[in-house]
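Q: Sequence:
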Amino acid sequence: MTAVMLAYGPEPWLVDAAQAVLASTGVDVELIVVDNGCTSDGIDVVKGLPGVRVIRPEQNTGFSGGCNLGAAEAGGDWLAFVNSDAVVAPDALAKVTAVAAEPGVGAAMASIRLADNPELINTSGNPLHFTGLSWAGGNGEPATAHARRTAVPSLSGCCFMISRERWEELGGFAAEYFAYHEDTELSLRLWQRGLRLEYVPDAVVRHHYEFSRNALKLYLVERNRLITLLTAYQGRTLALLAPMLLLTEAAMLAAALAGGWGRQKVRGWSWLWRHRNWVRTRRRQLQSERTVGDGALAHLITARVAPSNVDAPPGMGVFNAIAAAWWALVRPLLARP
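Residue numbering for the sequence shown is 1 to 337, as defined by the UniProt record's numbering.
Some hints here could point you the wrong way.
No more than 25 Å apart at the CA atoms, straight line, and that leaves these computed lysine to aspartate or glutamate pairs for DMTMM-like [as the list claims (entries may be wrong)]:
{"id": "1", "residue 1": "Lys217", "residue 2": "Asp35"}
{"id": "2", "residue 1": "Lys217", "residue 2": "Asp85"}
{"id": "3", "residue 1": "Lys47", "residue 2": "Asp16"}
{"id": "4", "residue 1": "Lys217", "residue 2": "Glu58"}
{"id": "5", "residue 1": "Lys47", "residue 2": "Glu102"}
What follows is a list of derived Cβ distance ranges for each label pair [claimed, not checked]:
{"id": "6", "residue 1": "Gly9", "residue 2": "Glu168", "range": "28 to 34 Å"}
{"id": "7", "residue 1": "Trp273", "residue 2": "Glu210", "range": "31 to 37 Å"}
{"id": "8", "residue 1": "Glu73", "residue 2": "Ala23", "range": "20 to 26 Å"}
{"id": "9", "residue 1": "Ala72", "residue 2": "Trp278", "range": "33 to 39 Å"}
{"id": "10", "residue 1": "Ala101", "residue 2": "Arg304", "range": "30 to 36 Å"}
{"id": "11", "residue 1": "Gly37", "residue 2": "Trp269", "range": "27 to 33 Å"}
No lab work stands behind these hints, which were simulated from the structure alone.
Glycine included, each C-beta is placed from N, C-alpha and C at the ideal position.
All chains should be built: construct the whole structure from the sequences, respecting the hints.
A: Shown next, in the form of structure tokens:
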């Protein structure tokens, strides 16, 4: 098995995260660390650990590109993607591998706990709103409330397992995402191929989670949300959801202007227009490879935005009421031929 980890910036938990992966039991593991621009001596410490290979691209390739680079160097039949601020329990990788290997399972994720209080969940799988919004599911809730294995709409990129064969078949992440939402797109592609995504509650990972509110993150999250919608949804779905998607764009622009990142929101629209040929090509690819329609996957989707890791903007109650009504109206239509 090969674990892939990325390093960027100060990385205060990199050494702990790497040592935890190497101490895994029940699996033979190699660790590939992609140095996207680590600014601490942690990368030098990790480089000296047995079983570690460090790759240094010429420039920061982002999360998606870095994962692709690391996976391309993998020698194992299974790929674990582990964040550099996530400390896996000794048996965690073995447990997610066992579940990921089951028939019908496309990938499996660990139980991601808050590092400063491991009795609380960071995410037990990410909900997916029909507008493409996604968030850390169960964040701050007791782990005992998420003690059952279950299928999840979207994996968390913090720690998940997938076979190298399936990863290569999918072509990995789209490098154009750079960072954020690539795990959502990968999750949808697996579901659209008739494969389940499983949450493994006893595979524990302590995550030093921090939601960064820098403008670049918000730009990428919003831009990539739209990429996923425009490429992964069927045309009928986009047509039925169009009024709510337009309302969401207006609401997100208002939130961006109020939050001081309006220019970044507009920049995302500009990127989509300038790269419209790539978006069309990506859409053709994703629609041609799917075997399951959106109607059959509607049970995975929520109509209520309810993140606990960020503050809800004003008017969220009204938005949720409108969204729920619209979803109730159009969901039956998705199943029609």
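Q: Need the list of violated hint numbers for this structure, in ascending order.
A: Hints 5, 9 not satisfied by this model.
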